[in-house]
Structures are given as structure tokens and as C-alpha cells.
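Student: Using the hints, position chain A against chain V.
Listed here are the chains, written in short residue letters.
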Amino acid sequence: AQSVTQLDSQVPVFEEAPVELRCNYSSSVSVYLFWYVQYPNQGLQLLLKYLSGSTLVKGINGFEAEFNKSQTSFHLRKPSVHISDTAEYFCAVSDLVDYKLSFGAGTTVTVRA
Amino acid sequence: DAGVIQSPRHEVTEMGQEVTLRCKPISGHNSLFWYRQTMMRGLELLIYFNNNVPIDDSGMPEDRFSAKMPNASFSTLKIQPSEPRDSAVYFCASSSSSADTQYFGPGTRLTVL
Numbered sequence: 527a528q529s530v531t532q533l534d535s536q537v538p539v540f541e542e543a544p545v546e547l548r549c550n551y552s553s554s555v556s557v558y559l560f561w562y563v564q565y566p567n568q569g570l571q572l573l574l575k576y577l578s579g580s581t582l583v584k585g586i587n588g589f590e591a592e593f594n595k596s597q598t599s600f601h602l603r604k605p606s607v608h609i610s611d612t613a614e615y616f617c618a619v620s621d622l623v624d625y626k627l628s629f630g631a632g633t634t635v636t637v638r639a
Numbered sequence: 003d004a005g006v007i008q009s010p011r012h013e014v015t016e017m018g019q020e021v022t023l024r025c026k027p028i029s030g031h032n033s034l035f036w037y038r039q040t041m042m043r044g045l046e047l048l049i050y051f052n053n054n055v056p057i058d059d060s061g062m063p064e065d066r067f068s069a070k071m072p073n074a075s076f077s078t079l080k081i082q083p084s085e086p087r088d089s090a091v092y093f094c095a096s097s098s099s100s101a102d103t104q105y106f107g108p109g110t111r112l113t114v115l
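Sequences listed follow chains V and A, in order.
First residue of the first sequence? That's 527 in my numbering, and the numbers climb one at a time after it.
First residue of the second sequence? That's 3 in my numbering, and the numbers climb one at a time after it.
Be aware that a few hints might be false.
[To be verified] Which chain V residues stay away from chain A? Per the calculated CB distances, all over 12 Å, these:
#, residue
1, Asp534
2, Ala543
3, Val545
4, Asn550
5, Ser553
6, Glu592
7, Ser596
8, Lys626
9, Thr636
10, Ala639
[Stated by the list, open to error] Simulated DEER-style distance windows between Cβ atoms:
#, chain 1, residue 1, chain 2, residue 2, range
11, A, Thr78, V, Glu590, 34 to 40 Å
12, V, Pro605, A, Ser29, 33 to 39 Å
13, A, Gln19, V, Gln597, 44 to 50 Å
14, V, Tyr565, A, Ser99, 25 to 31 Å
15, A, Phe76, V, Val555, 32 to 38 Å
16, V, Ala527, A, Met41, 34 to 40 Å
17, V, Asp534, A, Pro10, 33 to 39 Å
18, V, Pro538, A, Glu16, 35 to 41 Å
19, V, Ser535, A, Ala4, 32 to 38 Å
20, A, Glu16, V, Ile586, 39 to 45 Å
21, V, Glu590, A, Gln19, 42 to 48 Å
22, A, Glu16, V, Ser578, 45 to 51 Å
23, V, Leu582, A, Thr22, 43 to 49 Å
Since the hints were derived computationally from the structure, they do not count as laboratory data.
No residue lacks a Cβ here, since even glycine has one placed at the ideal position from N, Cα and C.
Chain V on its own, in the form it takes in the complex (with noise of 0.2 Å):
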């Protein structure tokens, strides 16, 4: 079985700063690292996955996340936030036997002008 632990679970964040959301996974096997949003009611929303290849994935919405497997974490990250970025941002993880998505407890952003 795997976990994720997201190390934030609050970051206000000034507009146009860059922001870093945290996550750290645990599995005794490969994994699939994914990073969803979810604005206020509604449903979440893939913003970057990560499956193979280059440890570095580029999302939607100016995101991207860094793979680093000898620290076992997958941490989010924007150059410059817009007001509109405010949201919660969930890491997952699935691992490669049944793909079931575990979460994290999820990061809220508020992005203040």
C-alpha cells in the first residue's frame, strides 16, 4: 500500500510570488504521481501527472512538479500565482498493481493581492 503526505496544509501566497506545495509519498513499489485542483465546489482537476521519463512535468495553468525518487516527493510549483490559483491541490499516488488513487490531505492556496 501507498501513502502521501502533503507537508502544508495552508500557504497564503501574494500575488505574482511563486508558490511550492510539498508532497512526499511512501511505496515498497513504482508509482504514478499525479497533482489535482479543486476550486471551491467543484470537482478536482488533473493539473500534471507523472508516469515515466523526464522527472520534471509540466502542467496546466503555468504548473509544474519535480519527481525526486531518492526523497520520495513530488512537489508542486509556480513561478508566479494569479488570484485565480486559489484552491485546495491534492497529490496522489497509484501504484502500478491495482492503480487505486490514495490522496493527500490536500493544500489549501489563497492567493492574496
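Tutor: Below, chain A without anything else, positioned relative to chain V:
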């Protein structure tokens, strides 16, 4: 593409009543997942289907919960009888295969009084 469709979007019911949540996956997707989201427990996978067959229902909390997928375009999650602790947002997601990206519906917000 209409995306994953869930109904109703909001449901308020009284303890002891039967509740049925509905999901229409994206056309062509053959994997369907039911999740529950609460403040206390975050996002939990309840059950998932592959080609209309339940593969893993280990996340279903109690016998009061049941899920069906009679065909490739429709699934239901039923709670009978409902209890106040079942209050949550229930999400349905679908993917083209177990290993592929899951696309989430907008969710059903259930309140059991």
C-alpha cells in the same frame, strides 16, 4: 465532451431514508470510481469498477452502502438507511483504463439530518 455527470448535485435527507447517487461516466471510459470527501477523512476511494464489474469495494464503509454499474454508461451508489455521519461530498470519476488519468465529476453534496 460533457465530462462525468453526477446527479443530484445536492441532496438533503433525513436519517433512515434511502439515498441514491447517480453517475454517468465519460463515453468510452471503462473504469469508474466512487470517492467520498469529508473534512475529517479527506478523499477516500469507496469502490471501483472495470468494464462494469466491481474490482475492489474494500473502501465501502458498511453494508448500508452498495454500488452498481448495470451498463457502461451508468452507475449508482446507494445508502440505505442513511445516517448523519454519511454527510459528505461524493465524487464519481472515470478513466479509459485503470492505469489512466481519472476524470472527476462535480460531486454530490449529501446532507443527512
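Student: Per the stated criterion, does the least C-beta distance between Ser596(V) and chain A lie above 12 Å, as a non-interface residue requires?
Tutor: Nearest chain A Cβ is 24 Å from Ser596(V), so the label holds.
Student: Indicate whether the distance between the beta carbons of Glu16(A) and Ile586(V) respects the range 39 to 45 Å.
Tutor: 41 Å, holds
Student: Hey, does Asp534(V) actually stay past 12 Å from chain A on C-beta?
Tutor: Nearest chain A Cβ is 15 Å from Asp534(V), so the label holds.
Student: Beyond 12 Å from every chain A Cβ: check whether that's true for Val545(V).
Tutor: 21 Å, holds
Student: Does Ala543(V) sit more than 12 Å from chain A, CB to CB?
Tutor: 27 Å, holds
Student: With d taken as the least Cβ-Cβ distance between Ala639(V) and chain A, does d exceed 12 Å?
Tutor: 28 Å, holds
Student: Minimum Cβ separation between Thr636(V) and chain A greater than 12 Å?
Tutor: About 17 Å separates Thr636(V) from the closest Cβ of chain A, which puts it past 12 Å; holds.
Student: Taking the Cβ atom of Ala527(V) and the Cβ atom of Met41(A), is their distance within the range 34 to 40 Å?
Tutor: 23 Å, violated
Student: Verify the CB-CB distance for Phe76(A) and Val555(V) against the hinted window 32 to 38 Å.
Tutor: Between Phe76(A) and Val555(V), where Cβ atoms are some 33 Å apart, the hint holds.
Student: Hey, does Glu592(V) actually stay past 12 Å from chain A on C-beta?
Tutor: The claim stands: Glu592(V) keeps its Cβ more than 12 Å from every Cβ of chain A (closest is about 19 Å).
Student: That 44 to 50 Å hint for Gln19(A) and Gln597(V) (C-beta), does it hold up?
Tutor: 49 Å, holds
Student: Does Asn550(V) clear chain A by more than 12 Å, comparing its Cβ with all Cβ atoms of that chain?
Tutor: 16 Å, holds
Going through the hint list in order, the structure does not satisfy hints 8 and 16.
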